[in-house]
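Protein chains in written order, with this note's numbering: chain A, 1 to 223; chain B, 224 to 827.
No lab work stands behind these hints: they were computed from the structure. Using N, Cα and C, we set each Cβ at its ideal position, and we do this for glycine too. Keep in mind that the hints are not guaranteed to be accurate.
Unchecked claim - Heads up, simulated DSSO-like pairs for lysine-lysine below, C-alpha to C-alpha not over 27 Å straight-line:
1) A:Lys111 / B:Lys255
2) A:Lys185 / B:Lys255
3) B:Lys710 / A:Lys60
Stated by the list, open to error - Here chain B is said to cover these stretches of chain A; the calculated rule only asks that three of the stretch's residues, wherever they fall, bring their Cβ under 8 Å from a Cβ of chain B:
4) 3–11
5) 62–70
6) 82–93
7) 101–109
8) 145–152
9) 172–185
10) 192–203
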Amino acid sequence: MKSSVRTIRILIVSLLTTFLLYGFYSFFIASAEYPFEYPNAGYFIVKMKYHEAMNDYFNKKIKLFLGMKSDDKDYFPPKEGEECGEKNVSTYCVAMGALDTFMAYSATLDKVPALALQNSLSGKGVQVPTAPVIGNPAKTIADVFSAVITTDQDIATEKKNALNIMEATISSYNEFRLAYPMHKKYEEIINELFNYRDSIRMIRLQIQRLPAKFKDVTSQSCQ
Amino acid sequence: MSVSKQSMKNHKDIIAGIFIGIIVFCALIFVKPMIEEYKMRADAEGGPSSGGSSAVLSSINNDKFKNPHFRFDFDDVFGSSVYQNLYLFIYQFVLVDPEDNALKEVAKKYGLTINEAGSVRDGSVEPLLKKMQTGWSQQQLFDMANKLRADFNDMYDLYSLQQDLTFASAGSELFSNGDVSDSGFDLVYDLDLMEEILFNESTPPSVGGPLDLGKLFKKGEVEEAKPKSPSIDPSIPPVYNTLTPVDKEEVTTSTGEKIIDEKPATATGEKEKLDPTKLVEVTKEDVCPKAESPLEKAMAAYEEQAKKDAEAKAGNNTTGSEGEGTGEEPKEKPTPGVLAPGDSPDSLSTKVLPEPPDDWYRKLNCGGELFLSGSGSASKNGISLGAADYYICLEFKTIWETYSSYVPKTPCIKCELDKILNYMQKTLSNSMTPNKVTGGYMESSKCSKSMTSIPLNLQIQIIWAPALTPPNDDAIYGKNVISEWNKFVSRQNPFALKDIGVSLLVENQAKTATDSASQNAGPNSTLFDLVNETSQIQESLAKQQADAVEQYEISTQGENFVIYAQSVMEEIGQMQKFFENYTEMFKTILTKSCPSLIGKPYAD
């Protein structure tokens, strides 16, 4: 009986300790803020997760934007000295958030091991530029250097491409953010014009019933 | 003693628990990345078979993208009201589309399929082995593969540049190029809709046009596949489905009265010819006095003479014949008011004939023949012709028709106004002034010539009070002056220029730059260095100023438009109330003031 009580006591204390430490670690120390910050997973997987994360980020911002009123505080950039909140949908804050994500991606790419790039590519079934005709060439020091250089080039190209796509998306988001409220206002005006037209139509339907033939009346103009 | 032992045991348990907790925590820290990486690899399993940019699309955790050939279209992003996956769409536009196009071009050039060309690009020479002639050396195959890769890279660069340029130019007009097929909504299309509602016309946009996707089809195919004019495009994006439907055949008024309107057009832009004869009455009789002309005078004299002759002849002829040369049997007329023998007194009423109405307008009895002058005894149909040497009878009639422009069947604001004008013209083409009244003092009869008649027959006309026009009719666009002034003061601070480090004024810029350069100048600085430093600081301040102005313009631009749109909508709403008043006024006229009009059949 006593031993079971002790076991339970130790178990409770260990669980509490684990939760406390892990919570503290996750909240204050953990560096993996984004789902792609696992360089050991390989270049391709990191790349895929980054673009997925960016897509989710913009989806979230657009969803927030569509559900927000134009007089909302988060609709505009923060005032000087204030920080962008999670819900702010101004182009400035969206661009800042995207830039943070990109910087994290760039840092993660720098940590991707050179050989992991090749391994991850091979692991994904992608054919590495080698000579497949007659066997595989022997791995030499030159091959390793070549692989490292290729990795660096690919990562540099990927960084450039990712930056271009991010800029283009922010530009499109900005266009969307400017045009969409105008479109909504135009929609309201169009609906009002429909009502306007129908009101005039009601007058016309009444006027249409006025007679045209009269007895014993003169013409309005001298013939 | 036992208590202290128990306490010691408890402490040991707690320490052991903490220790175990730390171990578990450390294990979690080390294991978690491995778990995450394992999960990421597991997610990526079964993903793309190609290492190109398109692989990212098909690797993303979405069932839609699992197809390796899946490509986004504008409708996938802008076709719904949620506008999701914008980033992936741009990704495809910037990276995947140039790759697809380049691969297609290279495959065509080397006689390979797109998949085979992709394999060669990724390092395999197997597709080339199958295609090429036998007897090729390994080096030749490698050279061929390298050439294909080089061609691919060249094509990719070209297509990539094309996409960049396209996006840089047309991308900024995505929502204002007059085409809804590339963006889901379009501001120019909105304006087109307004134009159609107002005028039933749609002016094609002179700029913009659909954004060429530049994918696996040529430009012409894109334009053919996506109609330029959205008004004829049957696939209008669902975002426009919320708008009010165009027309109804049966209209229910605000009071619940149902009125059947004319049938709406079967197709947009169809027009009907307005038949003016349905709207306008042709005046058959000329009731207004005309200035006397010699011809009319002669004709009047002739009429009078002919009437006198006819009466004289009728008085003399008691036995029978009705005039010379007619050959007609005289009609026996009962003597009014005299009972014949044998008649009952009740038959008197049947014999009492009403007085014939005054035939004040006698039509000319002309056969259209030319009579030469006679010696005074000639006659035609019992009418003496001695009064005139000769005459010509001409038949004439006045035709008065008003032709209006074509009125389209599709209802629009201008069309409705045109119809109202036509119907009102139809009604008002007649004056309510009674016929044959020449008009008295203060009367508005246009044909009245005398202004000195005694006003015994004064006509009193009721003029309906005009409906009130909306106040500030001209000022549909405006802003709150006080808020604008406050904004100006808070942003520009015009009363405290000296307190600001960097003012927007140019002279203050120069002063600030000089002060700053003087402070930064070292003991060995020359005058040239100082001038250079001043110029650089001044340039920097000018850039800041330009940025500030630009930011101000951007921030006020949207604000102004919202205020403008609000003003326009308020104006339209006000005008609707205005029209409702008019409708009520016409109803009052038809039901209370002139209720007999309501029994009139519906207008033709």
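Here is how each hint holds up against the structure:
Under the criterion of a C-alpha separation no larger than 27 Å, the hint pairing A:Lys111 with B:Lys255 is consistent with the structure, at around 18 Å. Proposed proximity of A:Lys185 and B:Lys255 is contradicted: the alpha carbons are some 50 Å apart, above 27 Å. Distance hint between B:Lys710 and A:Lys60 is unfulfilled; the C-alpha atoms sit about 33 Å from each other, more than 27 Å. Coverage of the stretch 3–11 of chain A by chain B holds in this model, with 4 residues showing a Cβ closer than 8 Å to a Cβ of that chain against a need of three.
By the rule of at least three residues with a Cβ nearer than 8 Å to a Cβ of chain B, the coverage given for the stretch 62–70 of chain A holds, with 4 such residues. A count of 0 residues in the stretch 82–93 of chain A with a Cβ less than 8 Å from any Cβ of chain B is obtained; the coverage claim is therefore unmet, three being the minimum. Under a criterion of three residues with beta carbons nearer than 8 Å to beta carbons of chain B, the stated coverage of the stretch 101–109 of chain A fails, only 0 such residues being counted. By the rule of at least three residues with a Cβ nearer than 8 Å to a Cβ of chain B, the coverage given for the stretch 145–152 of chain A is violated, with 0 such residues.
With 11 residues bearing a CB less than 8 Å from a CB of chain B, the stretch 172–185 of chain A meets the requirement of three and the coverage assertion stands. Beta-carbon proximity to chain B at under 8 Å applies to 12 residues in the stretch 192–203 of chain A; the threshold of 3 is reached and the given coverage holds.
In summary, the structure is inconsistent with hints 2, 3, 6, 7, 8 from the numbered list given earlier, while agreeing with the others.
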